[in-house]
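Take a look at the letters that make up each chain.
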Amino acid sequence: MTAIPLHIHEFSTGINPEGNHENWISRGFTGQYMNSTISEVPYNVERSIANDEFAVAESAVKEKPSMVGRVVLASGSSGDWSIVAVITRGKDEYVRSLTVARYFLAEGADSLSKIIAWLSFKESQGGLPIFNPFELKVIDKPNISVAPIAKTRATPEMIAWLAGSTPLILPSNQQKYPFPVVDMIAHEKAELTGQPVSWAFNVEALEKPERFQIILPASDRALDLIQKALATKPKDQAANAIDEKALKQAIKGLADNPTAKPEHCQTFVENIFVVFSTFPTADKARDYWQKLFDGQGASGALKQGIYTSQMVRLLTLRAIALPDTLPELLNWLQIDPNKKGKSGDYGEISLEFQEQLLDILKEPRLKTIFIETTRNLVAKVLTKSATPESVAWLFSSKRSLWGKYQTQLRTDLRHDLEVFGKQVRRVPTKEKFIVAGEGWNKIWEQMQPYWLGSPRYFDEKYLPVAELFDQLGDSLLASCFYQLSYGYISSKLFNQAFPNRQGAVSFNGLTIREQGYNERGERFIVPIPFVAAIAAITLLLGLGGGVLIERLLLAKPVVSKEQPPQSSNTSITPTTNKLSSPVSKSDPKPPSTSISISPKILESGLAKFDTTRNSISLIVRNIEDKQKTVPKLLIEDTLKTELGNMNLDFSAIEDESFSDKQKKEAWIKAVYKYQQEAGFGKDGVIDENGKSYKKLEKAVTKGVEARSQPSTSPPENNPF
Amino acid sequence: MFEWLNNSSQSPQTNNGTNASATIRVVGDRASGKTAYMAALARWPNASVNSPVQTIIPINEDGETLAAMAQNILEQGLEMPPSVISDNVMDLKDYQLRIVLKGAFSWRSPSFKGSAKQVTLDINCKDYAGEFFSDLLNKSGDSVLNDYLDDCMQASGIMLLIDGTSRKYQDIASSIDKFLVALDRNDLGGSKRRVALVVTKCEQPDLWINRQRPQDITRAISPQVLKRLQAWQQSGAGSVEYFSASAFGMLGTNTPAPNFTKIRASRDGLAAVIKDPRRWRPFGLVAPIYWLCTGARHKDLDGE
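If you're matching them up, the sequences are chains A and B in order. Here the first sequence is numbered in our numbering, starting from 166 and rising by one per residue. Here the second sequence is numbered in our numbering, starting from 2 and rising by one per residue.
Take these hints with a grain of salt, some might be off.
Unchecked claim - Here are the simulated DSBU-like pairs of lysine-lysine, each with C-alpha atoms no more than 35 angstroms apart in a straight line: (1) A:K398 - B:K140; (2) A:K426 - B:K140; (3) B:K103 - A:K302; (4) A:K456 - A:K373; (5) A:K393 - A:K426.
In short, the hints are calculated from the structure, not lab data.
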């Protein structure tokens, strides 16, 4: 049977040679291939070479060339190709060693063994065709082979190996495993793994050992080196599908150049989606990006505080690919609108860069990412991972990639506050939250008692968000969040947000109270001499007196001495109510801190914790039954307020198998203190039949009633 | 405008120090010692306690590769292989290093504001294969060469290395001439570019004894090179300073001998490897970088 002739093309490393066929030196690389039979190296072959898939870090001596064989699958307009590189060493005029390669390639994924058959035949005829700068070739005159493929069979020993890890490292025995055998084993391995064939023969070290299926090391030392190198590489071969070289070039190109090139942008953006679809989980994709950016110096810049324009652009790109890192970028940029100089400059560089990308990043899928990022960023402001100033800076600039979506974000949030208001008041609605997700779901959930309990119920934790919207000039959203932070808002802001109102309004169930008015919209005036007297007493009594005064002031619904929230860009430092937990002004309970309680009482409290658990559950259930429209969370929070510790964990009450001893002890201590203050017998246990139970149930019922009463403020002013 | 400010600038650092940075391109003829210079810098072996340099840290993976090359090649007494010129300038490695200078030494450089404190130099540096330099002579209008020149334009500082042992003066002068013409095509937003001419392989006795007079060494090697650079500076296109350096350094201090083993010496220059890696201490490597970053010379670094 006559084999069909196979066209084997070739090309070689380009050098300026001097000498003759037998004896030559290089006078430098040309940067282009030489002695080629093909006018243009196929795209996928070129990318494979560029991604170091043929790179032998330290080639063997001339007599025993290193070889790399692999199949590259079709990509773009290039079909499948089989390639074998024969790698040898040469010298230059400075006697420096250089690595040179002669590449043989044929079309088709099944041509690799045919190239090997031809090379074996050549070897038997006088030697393997190795790099020779003087062996000139003509374009479109490939080598023609009719060499039959040798019938080699895998031995049982080899078959046993095949099931092993990938890449499989063979013993460094070139006699036992000549290159045709290595090729045969690699084909068997490829059958098993389903990956294209790839092998390296007689190599000292490889740039990318993880991108091979079979490796035959040149020596035992090489075997050690390769194994060590592999140990540091990711086991996951998913990354092999990414043209990492092109991606790195794009990132470097964008970071290094003050002018962004569209082709780099395109590669970068395409890879955002390629990377996330390549890896089995989002976490792995994130790890990949993280490592890639760290390799370019991102973590170094953050840790060492390296501020160069390259790093600003690199970290800006990182925030696009890894939106979770945007707060880190903002913090690193040290945005301070009041401060000119370094921080201003670097923020400016980031904005200049973003402005260039604005025109280029037209990919519609990116829009979804940017919108999601703006939402998460507001959540990060609430958790204090990002400052309101830096986010306001980012959102306000027309040159910002994310700023473009802030109007949308604010519209969505207003919509959601309406939905939220309906949900917490149990008003039937089919509408759903737009701004959702892990961070926001928690925010919505935690906001319920404050919303319902407004204006008496508030917490400064909402202040950063209030400041953000204030700085963005959104008076309505700023009003809502200042109200949630302080229990009232400044007259200036009130008038901006509700121009035709005075005193108080209800916005979807949130009572927004103007400074100097009570929740019914009635003006409250404190005589100035009273304030002066209070101030004087505060000064005289010092800190201890201060606490007393604070209690006194807290007992008053509104005190004009309070520093009002401002609607300007300055930050707010309230002078009263610095309690981190929501505490009703009319019912002050300083947060419980350290309570001295004997270990014996704690022990017996723990032993009888079931009694306490049942009693507390019963109180909540009884009130729930009576006040059917009141959310359970509000009852629980009122009970916690009554016990003077907002950190009490209701899981200890609801879960019978709850095992966190410390959290149980917190309950015991709170009860103990409650009993102490009430003048009852102190045992840290609440018994259904005891005095503590009755007092607590009564107080919580009353508190809940006060907080859930319909507002007597003016009718709703719906701004939409 | 900001590009220049931050590419080569002195900006106040929040953490008790002064920071300056530069984007640098290392150019020079083949085998003039560019990669060995950079690798020795990244590795910074056997630093003297008297050195003004506190530490040198590779920041990105390319910088780490550089330090590994120093360890696996130079430190093993092997010769650095020639860098492969790529037809894509984006393939070039971009070494990012942070150089931290001890604060106490810096007060002697009064022209660098705030230098009583610790000084950090952040550099991004690409070293071009020597073929770039010789191609300037032989090729014109080549698209790859133009890509390299465009890339070079982004740099605020150029480190021009000439092999103190080479005798190819005429070629070097012609290449430098063409290089400067190309540089002039593009201005840096009104700011002047700095070119540091560094004579390498100054561990060689005839160079070593004159190492404190780098401008004179340059004149001795090639009056044309010096003349051309001076003319360029006088034209107002940029500023030039002269330095001497050795990636190999000397053995001992009392009767210093170069730490090298000769492989070959010819008109093309000297080929050598490190003789005693345990006593490997390069000199003069940071001084040009300090100047490229700050525009001021550092006496202690110059005197290394």
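Hints and how they fare:
1. About 42 angstroms separates the Cα atoms of K398 of chain A and K140 of chain B, which puts this hinted pair outside 35 angstroms; it is violated.
2. Straight-line distance between C-alpha atoms of K426 of chain A and K140 of chain B comes to about 26 angstroms, which keeps the hinted pair within the 35 angstroms bound.
3. Pair hint K103 of chain B plus K302 of chain A does not hold up; C-alpha atoms about 59 angstroms apart against a cutoff of 35 angstroms.
4. Taking the CA atoms of K456 of chain A and K373 of chain A, the gap is about 16 angstroms. The hint holds against a cut of 35 angstroms.
5. Of the supplied pair hints, the one linking K393 of chain A and K426 of chain A is violated, its CA atoms being roughly 39 angstroms apart against a limit of 35 angstroms.
When each numbered hint is compared with the structure, violations occur for hints 1, 3 and 5.
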